[in-house]
Amino acid sequence: MFEATARNRRNQSVEGGFRLLFLWMTCMLILPVVLILGVLIYRGGPAISYEFLLTPPTDGMTAGGILPALIGTVWLVVVALLASVPVGVAAALYLSEYAPDNRLTRAINLAIINLAGVPSIVHALFGVGAFVIFFRFGTSILAASLTLAIMTLPVVIVSTRESLQTVPRAFREACWNMGATRWQTIRKVVLPNSISGILTGVILEVSRTAGETAPIMFTGAVFFSPFLPQSVLDQTMAMSLHLFVIQTQVPNVPEHVPFGVALVLISMVLAMNGLSIAFRVYLRGRKKW
Amino acid sequence: MNAAADRRDLSWWVDKVAQILVLAGGLSAIVFIVGIFLFIGREGAGFIFEGFSLREFLLSPRWTPTSNHNPTFGALALIAGTASVTGLAMVVAVPFSLGAAIYIGEFATGRGRETLKVLVELLAAIPSVVWGFVGLSIMNPLIVRVFDAPVGLNVLNSGIILGLMAAPIMTTIAEDALKAVPDTYREAAEAMGATRWQVILKVVLPAGRNGLVAATLLGVGRGFGETMAVLMASGHAVNLPTSPFDAVRALTATIAAELGETAEGSEHWQALFTLGIFLFLVTFTINFLADVFVRGGLPGRRRRGRRPVASANP
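So the protein sequences, as listed, match chains Y and V. All residue numbers in the first sequence are consecutive under the numbering used here, ending with 1039. All residue numbers in the second sequence are consecutive under the numbering used here, ending with 317.
Treat the hints with care, since some could be wrong.
[Unchecked claim] For lysine to aspartate or glutamate, the following EDC-like pairs were computed, each having C-alpha atoms within a straight-line distance of at most 16 Å: (1) Lys938(Y) x Glu923(Y); (2) Lys205(V) x Glu190(V); (3) Lys120(V) x Asp186(V); (4) Lys205(V) x Asp186(V); (5) Lys182(V) x Glu117(V); (6) Lys19(V) x Glu765(Y); (7) Lys938(Y) x Asp18(V); (8) Lys205(V) x Glu765(Y); (9) Lys938(Y) x Glu847(Y).
Since the hints were made in silico from the structure, they are not lab data.
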């Protein structure tokens, strides 16, 4: 009954052509990065050993390992999480469970978009002006972590809000009908049903925080420190700044060392990110409603 | 009258306190944005109200803050540096991200689509200092060899790096914008006998136009504010660029490079914070415009990430 006309066939081949074009474009985004990762692994891989991970740098940072930078990044991330997760979850709860559709809510949403969009170096200037100078924390883990916390706050807020909104409204209504207050509903019904989604967002934030460089450059991270930090008021080395420093500021670093540092840093970040994605996919498969 | 109904017992008070704490959390985002502006303004104020000339700042290419006799604070070359790098990055990134968004959103299906989305998300996670390192240690020798240029740290290098950085984010946002176009539009067009490409070209793209503009704007904002990659890959010379092989210095990179070597409270220090205010205002405007576009014309849908509660994750 149906015979493909010349016009049908032309439409078909046009569509096929565009499909191929867009597939090619997608591949062009992904391929260069895969190649770059390949080069990092090929040239940085030989540098990595237990000794590299577990000893401090020696000989003016041209040899030895990266232990203080690794420990420093852990400090920075943990303190930043302690500061930003409670605030971010509260903000997400407000936006998802309480906020009426009014100007205030719109202003909060705009502020969140801007916190995510303001350049990292501007966050750094804010950290210097507010935490280092005004609140007199000096250049310390505390100042750097608070700067990072504010910068990555949108990550927690957005992912928490999304996971709160996957809890069906009927769950809340059932609870309200039993006479529960709004907070009781949140604590006993909404949070238990979304806690794993919130965790996914927190892991994502870890990955963002660990990789940032500009916000910590002037607020708490230092080029070199022979000691491990003892408290939040100490300065510290950090992986991301360490990579910048040995690549641009220190002469005569053997080439495999910065490649090794870059490989460790990117592995940390991608591993955390991959974990977060895997967790999300697992949760989606397990969802009961 | 039921006396129990309005009894203000412990759980009533707990509820009130929780409500206030949660509201405080919501307000904190506004407090931080205002705080950023105030604290940077506080450090930069001395310069803005005394030695500052808007004319010199915007029109003079002479950025010589450390000169003993006559320090000048013209940001034109820095603005041109940022603009040239961002512009090249957008030329590279916009077509590819829109193409990738169309492929992922409209052509790919099932497992292939999920895999591509995850890959793009992972690409967006690579830290900027690693990109800077790539520009310095991989792109630099590559450009020298391919184009026979004397040095490989220039607009071309940082533009490509920045394009690769911004593309995954733009792809994700553009794909969301396409997804926000209601399926009924597609079905209606298909029922009229349109091929998938005709549906995309005549229905999906026009309906998602605002979201695509927003995606591009956010990419521009990202490029404008990128610091470490541009600092490491752009060659770091205050210069009005005339070709892609010129070295330039971006606004962000200037702050990152000079703040550490400046005396607190000096005129130079204040000028760097003034650059920060300028960056803040520009990116704020870009983000605001993007938000307006996102809200502007997606019929039937409100914001990205604000789906009706019960229908999430089909």
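Checked hints:
{"no.": "1", "hint": "Lys938(Y) x Glu923(Y)", "verdict": "13 Å, holds"}
{"no.": "2", "hint": "Lys205(V) x Glu190(V)", "verdict": "13 Å, holds"}
{"no.": "3", "hint": "Lys120(V) x Asp186(V)", "verdict": "20 Å, violated"}
{"no.": "4", "hint": "Lys205(V) x Asp186(V)", "verdict": "14 Å, holds"}
{"no.": "5", "hint": "Lys182(V) x Glu117(V)", "verdict": "14 Å, holds"}
{"no.": "6", "hint": "Lys19(V) x Glu765(Y)", "verdict": "59 Å, violated"}
{"no.": "7", "hint": "Lys938(Y) x Asp18(V)", "verdict": "13 Å, holds"}
{"no.": "8", "hint": "Lys205(V) x Glu765(Y)", "verdict": "13 Å, holds"}
{"no.": "9", "hint": "Lys938(Y) x Glu847(Y)", "verdict": "14 Å, holds"}
When held up to the earlier numbered hints, the structure conflicts with 3, 6 and fits the remainder.
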